[in-house]
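Enquirer: Residues per chain, in single letters:
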Amino acid sequence: MTARIGVVTFPGSLDDGDALRAVKLAGAEPVSLWHRDKDLHQVDGVVLPGGFSYGDYLRCGAIARFSPVMETVIERAKDGMPVLGICNGFQVLCESHLLPGALTRNDHLHFICRDQKLRIENADTAWTRDYTAGQEITVPLKNGEGGYVADERTLDELEAEGRVVARYLDVNPNGSRRDIAGITNAAGNVVGLMPHPEHAVEALTGPTTEGLPFFTSVLKQLVNV
Amino acid sequence: MARVVVDVMLKPEILDPQGQAVQRALPRLGFKGIADVRQGKRFELELEGPADDAALAEIHKMAETFLANTVIEDFTVRVEDDAR
Numbered sequence: 000m001t002a003r004i005g006v007v008t009f010p011g012s013l014d015d016g017d018a019l020r021a022v023k024l025a026g027a028e029p030v031s032l033w034h035r036d037k038d039l040h041q042v043d044g045v046v047l048p049g050g051f052s053y054g055d056y057l058r059c060g061a062i063a064r065f066s067p068v069m070e071t072v073i074e075r076a077k078d079g080m081p082v083l084g085i086c087n088g089f090q091v092l093c094e095s096h097l098l099p100g101a102l103t104r105n106d107h108l109h110f111i112c113r114d115q116k117l118r119i120e121n122a123d124t125a126w127t128r129d130y131t132a133g134q135e136i137t138v139p140l141k142n143g144e145g146g147y148v149a150d151e152r153t154l155d156e157l158e159a160e161g162r163v164v165a166r167y168l169d170v171n172p173n174g175s176r177r178d179i180a181g182i183t184n185a186a187g188n189v190v191g192l193m194p195h196p197e198h199a200v201e202a203l204t205g206p207t208t209e210g211l212p213f214f215t216s217v218l219k220q221l222v223n224v
Numbered sequence: 000m001a002r003v004v005v006d007v008m009l010k011p012e013i014l015d016p017q018g019q020a021v022q023r024a025l026p027r028l029g030f031k032g033i034a035d036v037r038q039g040k041r042f043e044l045e046l047e048g049p050a051d052d053a054a055l056a057e058i059h060k061m062a063e064t065f066l067a068n069t070v071i072e073d074f075t076v077r078v079e080d081d082a083r
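Chains as they are written, first to last, in numbering that gives the first Met the number 0: chain A, 0 to 224; chain B, 0 to 83.
Worth double-checking, as some hints may not be accurate.
Unchecked claim - Straight line, CA to CA, 30 Å or less: simulated DSS-like cross-link-like pairs of lysine-lysine:
| id | chain 1 | residue 1 | chain 2 | residue 2 |
| --- | --- | --- | --- | --- |
| 1 | B | Lys10 | A | Lys77 |
| 2 | B | Lys60 | A | Lys77 |
| 3 | A | Lys23 | A | Lys116 |
| 4 | A | Lys219 | A | Lys37 |
| 5 | A | Lys141 | B | Lys60 |
| 6 | A | Lys37 | B | Lys60 |
| 7 | B | Lys40 | A | Lys141 |
| 8 | A | Lys219 | A | Lys141 |
| 9 | A | Lys116 | A | Lys37 |
| 10 | B | Lys40 | B | Lys60 |
| 11 | A | Lys77 | A | Lys219 |
| 12 | A | Lys37 | A | Lys23 |
To be verified - Reference listing, derived: stretches of chain A covered by chain B, where coverage requires no fewer than 3 residues with Cβ under 8 Å from a Cβ of chain B:
| id | stretch |
| --- | --- |
| 13 | 41-54 |
| 14 | 98-104 |
The set of hints was computed from the structure by calculation and includes no laboratory data. For glycine and all other residues, C-beta sits at the position ideal for the given N, C-alpha and C.
Generate coordinates for the entire structure from the input sequences, incorporating the hints supplied.
Expert: This is the structure:
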């Protein structure tokens, strides 16, 4: 039996289609989830996709965090269900306090869209098992508010516990503290990432296919459970 | 009817690139003498009833959980004088 991975669509989500497709290419069964539906339809993991949920009103992810579907996602994430938040999804995870810190406006104020080199720092999370620690990958990055910030103590804690999942290489595109592109919770089942692995899963449309292991990793995790 | 104002500002240690951009534009527009600019948000809440302790406690809770992200922002709550 193949794993069921849900992708939430909020009003204003953009990358739900690509995330569903990445899940399918990885060999899982993609399941569309709706922001107003608390029911997760027996999924084994959830992807919160990129975009501008609720128009980014108030703060990015601030309103999505209180949507009915997130009540269940937050509850299940605390019980160990794998959750991957990409871009706006990362912002939702920070607003939900499933991940520490916050994402703020890029320090140079420009929206940025480029192919971004990253180093995978932690290959032990539910979403990065199919990488090796230290592996360098290139995937698209596109954000206006992607600057990762947290107080020094939190940053030190993340570093000490190996919870920095990915770091920007060559260029820090948005002023993120300590070049942080992605982090995980202490249990390793919740991962937030600013760049977009779901746009790098096919040679035809992506700069590489180096984003696919995010989606195959979770299958391995679920089989092992 | 009472009006309560909630002001939300980025914490001093958080970089405010929007405020900086505003500050940099000022001399070009002929405005001098501004050492720093921080940009924030102001919420005006019209209450159905009076701004009593219970209502203010509720607004405080609202600001803490929703209007501000206390990881990066501070907020203040004040009742506006309604001598209008």
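Enquirer: All hints, please: hold or fail.
Expert: Each hint, compared with the structure:
Note on B/Lys10 and A/Lys77: the hinted pairing holds, with a Cα-Cα distance of about 29 Å set against a maximum of 30 Å. Taking the CA atoms of B/Lys60 and A/Lys77, the gap is near 24 Å; set against the 30 Å cutoff, the hint holds. Distance hint between A/Lys23 and A/Lys116 is fulfilled; the C-alpha atoms sit about 25 Å from each other, no more than 30 Å. About 26 Å separates the Cα atoms of A/Lys219 and A/Lys37, which keeps this hinted pair within 30 Å; it holds.
Pair hint A/Lys141 plus B/Lys60 does not hold up; C-alpha atoms about 34 Å apart against a cutoff of 30 Å. Taking the CA atoms of A/Lys37 and B/Lys60, the gap is near 24 Å; set against the 30 Å cutoff, the hint holds. For the proposed pair B/Lys40 and A/Lys141, the alpha carbon gap of about 25 Å is at most 30 Å, so the pair holds. For the hint pairing A/Lys219 with A/Lys141, the CA-to-CA distance comes to about 28 Å; that is within 30 Å, so the pair holds.
Restraint check: the Cα-Cα separation between A/Lys116 and A/Lys37 comes to about 36 Å, which exceeds 30 Å; the hinted pair is violated. Note on B/Lys40 and B/Lys60: the hinted pairing holds, with a Cα-Cα distance of about 17 Å set against a maximum of 30 Å. Taking the CA atoms of A/Lys77 and A/Lys219, the gap is near 20 Å; set against the 30 Å cutoff, the hint holds. The straight-line distance between the Cα atoms of A/Lys37 and A/Lys23 is roughly 23 Å, inside the 30 Å bound, and the hint therefore holds.
Interface restraint, the stretch 41-54 of chain A with chain B: violated (0 residues with C-beta to C-beta distance below 8 Å; minimum three). Restraint check on the stretch 98-104 of chain A versus chain B: 5 residues with Cβ-Cβ distances below 8 Å, three needed, restraint holds.
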